[in-house]
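Student: Take a look at the letters that make up each chain.
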Amino acid sequence: MKKTLFAIIIAAAASFTACEEWGPVFTAGYENPSAEKVYTDADMSAYGSMITIADLSKMYKSKTGGSPVKLTSGWIKGQVISSDFSGNIYRTMYIQDETGGIEVKTGRTNMSNEIRRGQWVYVNLNGLTLGMYGGKTGNYGGAGMIQLGLEDQSGEYETAYIDLPLLVDKYIFKGAMGGEVAPVVLTESMLPGKNDTQATNKYIGTYVTLKGLKYGDQVFTLIYLTYNENTKNSSNRIFLSDRTWGITTWALTKERMGSMLEAGTWDSVNVGNSGDYKYGTVGDHRAVKGTNGDTYGDIERNAYSVSHYFKMGSTDIQVRSSGYARFADIEIDPDILAGDVTVDVTGILTMYQGSIQFTLIDLDGVTKN
Amino acid sequence: MIKKIVPAFAALLCSLALFAQEPTGGVKGTVITRGTKEPVQNAKLELFSGAELIGTVLSAEDGSFMIPGLADGMYTLVITSSDYLQNTVNVTVNDGYVKNMFNLSLTRTQSETAIEDASLLEFDLDDSGYNDAPTVLFGSNDVFNEIVSYNFSSVRFKNRGFASEAQDVYLSGVKMNDAMTGYGPFSLWSGLNEATRAKDATTGNEMADVAFSGYNGSTNIFGDATSMRTGRRFSVLTNTAFYRLRLMGSYATGVMDNGWAFAVNASARLGGNDWIKGVYYRSFAYSLAASKVFENSKLHFIFLGTPGRRGAQNGSTQEVYDLVGDNMYNSNWGYQNGVIRNARERRTHEPIAVVRYDFKPSDRFEGSATVLYRFGKNGYTALDWYNAQDPRPDYYRNLPSYFYNADPDWNRNSEAKAAWANEVWTNSAAYPQYTHINWDKLYQVNQNDVDANGQKRAHYVQQERRTDQKDLNFATNVKFKAAESLTLRAGASAKINKTEYYNIVADLLGADYFVNIDNFADRDYASNPTMVQNDLDYYNAHGEPQKVKVGDKYSHDYFAHVQNYEGWLGADFASGNFSAKLAGRLGYSLFWREGVWKKGLFPDNSQGDSDHLGFLTYAGKAMLNYVIGGNMRVYANVGYYEDAPRFNQAFLSPRTRNSVASNLTTSKTFSTDLNWQYSGNGYNVRLTGFYATIKDQTDLMSFYDDLQNAFTNFSMSGIDERHMGVELGFKVPLPVDGFSLKGAASVGEYIYTSTPYMTQTVDNSARIVVDNAPVTYWKSSPLLSYDSNGNIDDHGGAQQKHYVPATPQTAASLGLSWNKNYWFIDADVEYFDRNYLDMNPFYRTDQAVRGPDGIATAEEILYMTAQEKFDPAWLVNFSVGKSWYIKYKYQLGVNLNAKNVLNNTNVKTGGYEQTRLVDNTTSKTRYYRFDPRYFYYTGFNYMINVYFRF
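Chains as they are written, first to last, in our numbering: chain A, 1 to 369; chain B, 1001 to 1950.
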């Protein structure tokens, strides 16, 4: 019997020792993982030839969208110029090389924790789609931004977010940390025209500084009565445009939007698209009680992006910020709003329907003169 | 080597010494099993006069004994029997009469094949707000409990459908249910099987010996040195469901000549298991006990604790289980340098110190008083992150269903991404970095945020959520035999509990510090530095939030104060075959929150004491018992209980503020049962019918509400339940020698009977979203189903009841048992059905059902409010054991317990509905649910236990 007992114990013990599960049992601790692989140009040889961002952009043949390109080979190499830490840039990443810049729609939040500003990255193009966002035909339209992403199977956009961790790892490879990217200071003449894309203006999508901007006394923001109805319905839209509408912060957080609404600041604003003002005004909704007794009970409180208009010489520059940005609630200096001083802004130059939309990475990108 | 022991001790008996005067006095009585009143045959009764052994007899088949020829005087009678605790009683013989002791009861010890206590531990419900703790029946004195405790525990059976909080668990007479949650405290002594083997249990409304107890039975663990089986015992156990190896040793001296008794029990449980990766044990346990026996009293000292850590299991959605092809998939772990690391670990060491004084100054009066103190640390680790991606591998955005749904209304149309996600999850072994926690990535992220001083700010940490209790208890109970037919009983208890809730940084994952700010507030109020502070005083003093290191407190720090006081009185009447018990209880519960930190979001309502909430409670119970012909009895219990709400049901968001839920009140329980029992001639049968209503319960949960785009607190009041059913347990001998047939069945209906009201507030602002609105579809929903044409049939307006979840409402076991010559073989079949999924009340509100358009269609009602019923399950278990006595002195035993031998891996044992909604639909008319998360019972598993006593 003793032999049997002994045999059982030995057999049991032998079967345990090989198990990966025993690490924490014996040590109650773990070793730090080894450092992450740093990709080099040599590692990319398996993915075809390197293409510059300018050459890649030229593969997109339209100025205003509608001709996405499915890519089948090659890779680009660029330095990361964006950061999503402030929240003004979200689920996407801008990279630039010496020839231009492009947005890569990673679809992942907080990518800046993994890929820092200044870091070199490689993008495997095989399987991605080159598309445009924000292009618009017609007299009031113009160029949008050429982007890299997946094919959008919904057909709503030309590209989709990469999103899935496996695919992010399949298309994006982290290289070495590079030096700090210095912004290129642009003069008014270097700014893109309404039909410029990255294929024709090397500064679009890159990290730049615009100096001497004067506040333009108007904002643009589009508020929806509810996301529970189609946001394209005219009856569901409230445009705050052509003046400032009391907005003195960089954008509207949910709380700020709610408090401004309830203060009656926008009561005189018409509901509906321009030329379709048949749905009354915002003030008409004041008497509607919400489930918790709030006024304007049928207008949802949400965070909204705001474009503040500035002038660089005679060119309109919309500094557009997200209502989810960490600095959304920060008051813009009254001297700036009053036009008493100008500002220099540093960030990413983007295009939307032929207009320049300037994207701040954070408020460090705003300097009062 | 191996000898069989002669079962009867007759050969060892000596006859009674005769006194010269031929005295006429004596002692007689009947030895019975405590609880079932079953006679105990062959119990050894040793009579001492002082230290001198006067004589020894064995009890007869009907349990009776007689010791004649005793002179007047005081004697000590020691009663021992295998599988029972030793009992010692004092006897006084007067005037030459034969003293009739009537019934002397013995408490049965737990068998070696008892329930594995690891199965009592709760699942990791990931802050879902659900409770999945099973109730635990101990088979010490009841045929139903004995079968159920072993065979039903695997599916987390809850007796009579009651929550585990309703079952009172005592240690040395002190109620040990958690002061905050009421949960059974079994983890406090898990691994101390020998030290806690001796216990006394009651069922249903039955009153415990040491306390008033509740309506769902009670267990009192003795824990003292005199209650542990005398001798040394060592065991080695391996087990494939919980841990690989258990080593356990114990030694108890028994009462020595000097009146002292000492006992020690220690164990180690180590390793993983065959079924659930990441679940492992590194758990130790110790118990030290000393008792001093005086002439009329005993003084006991006990100190026990279970230091250790164990990995926890999480539930996933069926989509994940199906993709990976494994219903035991556990999302809590990942590889770190090739070693499995679990993010969710219990790390506990909560020692308990007990001093108990038992006194029996006369044959008519006895009692006990205990002081018990519980302290130490209780930690539960989890990943925490700031401005970083959700690291949980089965996060919904990582799954195929997030990218594609064939129904266009879901607005998920990326088949390509869904195919890639499918590729990942169906080949999970090839993609461990995506299908398990990617620890390497967490470390890499933590290298990247370097401040001006070159210090790395962590974006991921492993936190340890601490719930450290200081729990001081006093309990006393006395019993006075006022007359032959009347025994009076009384008791009192006090619990003063101060529990500190806080988080510490357990691991910085390669970084240098983490910043103590509120991650949730930071999302909404990032531009307001004071509002995001967890510790506003620190921020005001230093101008920046604290940079916390390993071991530092962060997130929240508050105390929960709970004080419970109660007293009870009882009377037992006995007359012939009839007996009755009557008892009443009066109590007062007081609790409040004390915030240590001033929270940036709520500077005026977070620091210092909250309102003190007091509740007067009372209860009464009665039992009638009638014995028919010695072996049969009929008895009935009835009770009414008002119980105070608990701390965790009262405070809306105790992490952040002092706000209390509205409509807080006592819960009211009426419970009754009628029982028929037969014990004798090898037969043991109990049949019970029970009925109970529980009213005015409250519940609290916190979750992210997609409709508010905010984390919210959800309080629900006025929850009523009705539990009724029958239970049957039997063990009957078969004509073939050594064989018996045994079985148990519990068939009930446990349903919700009220429409509760809910209030929802935003956690960050305390803004009320919904104020005291009905949870319309909670107790029932319209009975709807699709017919063969795809149309909805409303069944004439009938209603579908909603059920109390997480236990099979039909459970049955039938088995054969063979027991001879120290061999035992058991084989049984179990059937479980009518087990329902825990409902999320949010999905049963008008708001969620109606959708954005405010119209509740039949399709929406059916989809959103129906309660899932689990498929019925069959399980087959098998046990074999053998023990040998060696040289009349040593005992060697081996048990093999094989469970689920048919390897059924599709048995759902519990789960919960998620709280989130899919609200960005194409039609903008309705919402969709997130998939529920489930837990499954493991497939075939076995335990081999080898023990040696000497």
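Treat each hint with caution, since some may be false.
Computed list of lysine-lysine pairs in DSSO-like fashion (alpha-carbon distance at most 27 Å, straight line) [said to hold, decoys possible]: (1) LYS1549(B) - LYS1668(B); (2) LYS1820(B) - LYS1924(B); (3) LYS1549(B) - LYS1470(B); (4) LYS1292(B) - LYS1360(B); (5) LYS1547(B) - LYS232(A); (6) LYS1360(B) - LYS1456(B); (7) LYS136(A) - LYS37(A); (8) LYS278(A) - LYS1547(B); (9) LYS1820(B) - LYS1869(B); (10) LYS1028(B) - LYS1360(B); (11) LYS1360(B) - LYS289(A); (12) LYS1456(B) - LYS37(A); (13) LYS1924(B) - LYS254(A); (14) LYS232(A) - LYS254(A); (15) LYS1889(B) - LYS174(A); (16) LYS170(A) - LYS254(A); (17) LYS1598(B) - LYS254(A); (18) LYS1869(B) - LYS1695(B).
Hints are computed from structural coordinates only; laboratory data are not their basis.
Just so it is clear, the structure is predicted and the values come from calculations on it, not from any experiment.
Student: Can you give the numbers of the hints that this structure goes against, from lowest to highest?
Tutor: Of the numbered hints, 1, 2, 5, 6, 7, 8, 9, 11, 15, 16 do not hold.
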